[in-house]
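Residue 143 in the numbering used here sits at position 113 of the sequence shown, with consecutive numbering throughout.
In short, the hints are calculated from the structure, not lab data. Please read these numbers as outputs of a predicted model, since none were measured by experiment. We put the CB at the ideal spot given by N, CA and C, even for glycine. A portion of the hints provided could be inaccurate.
Unchecked claim - Across the chosen pairs, the derived CB separations fall in these ranges:
# : residue 1 : residue 2 : range
1 : ARG126    : SER205    : 16 to 24 Å
2 : PRO314    : ARG294    : 29 to 37 Å
3 : TYR168    : LYS37     : 27 to 35 Å
4 : PRO152    : LYS238    : 15 to 23 Å
5 : PRO316    : THR146    : 36 to 44 Å
6 : ASN292    : SER267    : 25 to 33 Å
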Amino acid sequence: SEWETKKIIEMAAAAVGGEEKLKVRKPIVFISAVSSPLKLSRKFCETIMTSSQADFPIFIASMAMAGGTAPVHLAGVLVQTNAEILAGVVLAQLVRKGIPVVYNSYSTAMDLRLGTSPLGSPETALIGATVSELCRYYQIPCLVPGIMSDSKQPGSQAAFEKTLTGVAAAMAGASLQVGIGGLETGLTFDFGQAVLDDEIVRMIKHLKHGFEVNAETLSVDLIDEIGHFGEFLSHDSTLVKMRTLSQTHLFDRNNREGWELNGRPDSYDKALARAREILNTHEPAPLPPGAAEQIRSIVDEAERELKLK
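Based on the sequences and whatever the hints tell you, model everything.
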């Protein structure tokens, strides 16, 4: 609501050291979601209007579900999602022309057997990819589900769904993806999975980068130089370019003998150990002096106001 948005902005100002510093550094963004189908609720509008007035970037979201809150046809889901988000974009620009907005689609297909909204599904991947193409046409940034899973635990389902949604969005040109560390359709956050997802993201980035094709990389002269019975391992070009090939930190590429000699390591176990190491050693940048106390005071005041409402 407008009231909640203003309280959050007060805390953001305290976190960066005052309202003047808040003008140049925005530590947060706001996300406001349409109530599908096509309902712009009072709180949706208040959040967009209040944050835009305060010059905060706004993520405008649709969470339409094919067969539930949107047509069963995915093309129809895209039409409705587009209409819902563009309505929010127009409202934001009417309040403050030029305010940064992000086109934020969480639209998917309802699993009509279970009544759930799976975000690790092929439908989510397809909608995310088409939204990414649409936003390239509009020339505005987008955020879509990627690296998402409906699995309740790390494992083969999580790995497949995160790769499926992540690759589809990346190859279609999505500006941003959300889902790292998420399980259970985003309801659960797993620290080990977050580290594992970082590896997945690096591999997807490597895939999206592709490879360059020119006279040097086609390597015709090099192949001729090495000939029928040579090898490329000791050639200078291999040494120079070896770091351009993908490298894993958690996924095991060793042969079986090497894997067994290393204790048969599991990727998730390694990721969880790395997560614990980060949690134990990472030192976040401190808040400005007095900021924590000021934020606590804002929260206390808000709680008192809520009791009076």
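Sort out which numbered hints this structure fails and list those numbers smallest first.
Structure breaks no hint.
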